[in-house]
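Engineer: The chain contents come next:
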Amino acid sequence: MELNIDLMVNSLPLLIAGAGITVEITAMSVFLGLVIGCMVGIARLCNIKPIRYIANVYVDFIRGTPLLVQIFLVYFALPGIIGSRVDPFVAAISACSINSGAYIAEIFRAGIQSIDKGQMEAGRSLGMSWAQTMRYIIMPQAFKRIIPPLGNEFIAMLKDSSLVSVIGFEELTRRGQLIIARTYASFEIWMAVALVYLVMTFAVARFTGYLERRFDTK
Amino acid sequence: MKKLLVFLMMAVMACSMMLAGCGGDKKEEKKAEPAKVLRVGTEPAFAPFEFPKEGSKELTGFDIELIQAIGKQMGTKVEIAGMGFDALIPALNAGNIDAAIAGMTITEERKKAVTFSDPYYTSGLIVMVKKDNTAVKSVDDLKGKRIAAQIGTTGEMKARKVEGAKVTTFNTQDEAALELKNGGVDAVIGDLPVVEYFLTKGGDKFAMTVGEKMEAEQYGIAVKKDSKLAADINKAMAELKKNGEFDKIYKKWFGEKK
Chain Y
597 MELNIDLMVN SLPLLIAGAG ITVEITAMSV FLGLVIGCMV GIARLCNIKP
647 IRYIANVYVD FIRGTPLLVQ IFLVYFALPG IIGSRVDPFV AAISACSINS
697 GAYIAEIFRA GIQSIDKGQM EAGRSLGMSW AQTMRYIIMP QAFKRIIPPL
747 GNEFIAMLKD SSLVSVIGFE ELTRRGQLII ARTYASFEIW MAVALVYLVM
797 TFAVARFTGY LERRFDTK
Chain U
123 MKKLLVFLMM AVMACSMMLA GCGGDKKEEK KAEPAKVLRV GTEPAFAPFE
173 FPKEGSKELT GFDIELIQAI GKQMGTKVEI AGMGFDALIP ALNAGNIDAA
223 IAGMTITEER KKAVTFSDPY YTSGLIVMVK KDNTAVKSVD DLKGKRIAAQ
273 IGTTGEMKAR KVEGAKVTTF NTQDEAALEL KNGGVDAVIG DLPVVEYFLT
323 KGGDKFAMTV GEKMEAEQYG IAVKKDSKLA ADINKAMAEL KKNGEFDKIY
373 KKWFGEKK
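Chains Y and U are the protein sequences, given in the same order.
Counting the first sequence from 1 gives a position; our numbering is that position plus 596.
Counting the second sequence from 1 gives a position; our numbering is that position plus 122.
Everything labelled a hint here was simulated from the structure, so no lab data went into it.
Treat each hint with caution, since some may be false.
Beta-carbon label-pair distances, calculated as ranges [said to hold, decoys possible]: (1) E285/U x N600/Y: 43 to 53 Å; (2) F657/Y x K179/U: 55 to 65 Å; (3) V686/Y x T322/U: 47 to 57 Å; (4) K364/U x P662/Y: 44 to 54 Å; (5) R802/Y x A203/U: 21 to 31 Å; (6) F657/Y x G366/U: 36 to 46 Å; (7) V686/Y x K175/U: 28 to 38 Å; (8) K335/U x P744/Y: 24 to 34 Å; (9) G305/U x Q709/Y: 22 to 32 Å.
Residues of chain Y clear of chain U, computed beta-carbon distances all greater than 10 Å [claimed, not checked]: (10) P646; (11) Q709; (12) Q715; (13) E717; (14) P744; (15) V762; (16) I763; (17) A790; (18) M796; (19) A799; (20) V800.
Glycine residues also receive a C-beta, built at the ideal position from the N, C-alpha and C atoms.
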């Protein structure tokens, strides 16, 4: 098997530009996912039944269906219902962030539940409200604990964002497919694509490690 | 807990050994000349050439019946594998399949990567737009417009040659048509017989073709570069043409020859 190194090198600029879009989708989706996840995570611990119920349904539905199917639903099925077209970028971001939100909700819930019950009781007996205790006592402690799983979720989303290639969105994986469709050099291009993903996930993993040390109080 | 860990580690090691084994097999496979079974790759969402029978996962269509007749003539069993259109040529080169029949146009670029059989169908490209579109009369009106096409097809290549056009690629022709329906693009460029079939199967509710057929294209069966299989396929196809079998299949899917 002869390896066409030139082709690998020549296609790198195109792939790296695609990687920029991958990062864009991932960063926006995980950020929106954080907002959704934070609310849903707390909602799942809420004493008010309907809120808890809705949050449970959301997590069950999203976690129980593949992201690929969710992307198809948003992009190809939704326009039939709402009667207008969904922009591919909007479709990609909404499918990914709604998906990510469900996983991050579970991360938040686990983080909050991992904090000793005594902390809430202590806060409340000092005269703080439930929300205040949550905001000033529980959350800061929980946040430190959820940094590793959040980093994990970011890496997972970085890779899963490759699924939006099915709606013609030209992120890293689609760029690779398009180059292969023209050059048929599947080995070289998939290797290059894998390498670019690896560089990105490695950087995220190191950054998460840095954050962990940074917030370590010991 | 410790026992569990040991077990997990063993499982991981066993898996990696199995994977290493797989790698070894591949090399041997490459050397062995495929004899008894003809492994054929196709992209199974391309009616009327290849598509699943209603309510079944079995494929049918002109290409499928033709390759089965060719296999019969050659005395080999035909096994059909579905994959993305853009994956067919890489799969041939990697030795995952022996031949690809997927309404694939014989082009100079593709000839550099694979060897083609004699052409078996004359096709061409056509522009499809929404029914209410009066601005686009032919491909020349597509400058600067949004065009959808199937990835890796001659339709995509044609679309990319249109000046200033924004091209979106989809994995199947159906998805490109769906994008047109949803208003994501102004036009689809695809293979004429496939677009026409799509229109007769209900697509004409929202879409129509405009302009003349472009680029007289010929479909061929692709095999690995310089494989002797091409000669065998050609021989079988010539026999099928002589004994009328080819015409029978052709008539079944397209009616009388134009």
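Engineer: Beyond 10 Å from chain U, beta-carbon-wise, is V762/Y?
Structural biologist: About 6 Å separates V762/Y from the closest Cβ of chain U, which leaves it inside 10 Å; violated.
Engineer: Quick check on a hinted range of 22 to 32 Å for G305/U and Q709/Y, using CB atoms only.
Structural biologist: 46 Å, violated
Engineer: Does P744/Y clear chain U by more than 10 Å, comparing its Cβ with all Cβ atoms of that chain?
Structural biologist: At about 20 Å from chain U, P744/Y clears the 10 Å cut-off, so the statement holds.
Engineer: So does K335/U sit 24 to 34 Å from P744/Y, Cβ to Cβ?
Structural biologist: 59 Å, violated
Engineer: Would you say E717/Y is clear of chain U, with no C-beta pair closer than or equal to 10 Å?
Structural biologist: 32 Å, holds
Engineer: Look at the Cβ atoms of V686/Y and T322/U and judge whether their distance stays inside 47 to 57 Å.
Structural biologist: 34 Å, violated
Engineer: Do R802/Y and A203/U keep their Cβ atoms within the hinted range of 21 to 31 Å?
Structural biologist: 41 Å, violated
Engineer: Find the nearest Cβ of chain U to the Cβ of Q715/Y and say whether that gap is larger than 10 Å.
Structural biologist: 28 Å, holds
Engineer: Can you tell me whether the CB distance of F657/Y to G366/U sits inside 36 to 46 Å?
Structural biologist: At roughly 56 Å between Cβ atoms, G366/U and F657/Y fall outside 36 to 46 Å, so the hint is violated.
Engineer: With 10 Å as the threshold, tell me whether V800/Y passes as away from chain U on beta-carbon distances.
Structural biologist: 24 Å, holds
Engineer: The hint says 55 to 65 Å between F657/Y and K179/U; measuring C-beta to C-beta, is that right?
Structural biologist: 28 Å, violated
Engineer: Should the hint that E285/U and N600/Y are 43 to 53 Å apart at their CB atoms be regarded as holding?
Structural biologist: 30 Å, violated
Checked against the numbered hints given earlier, this structure breaks hints 1, 2, 3, 5, 6, 8, 9, 15 and 16; the rest are met.
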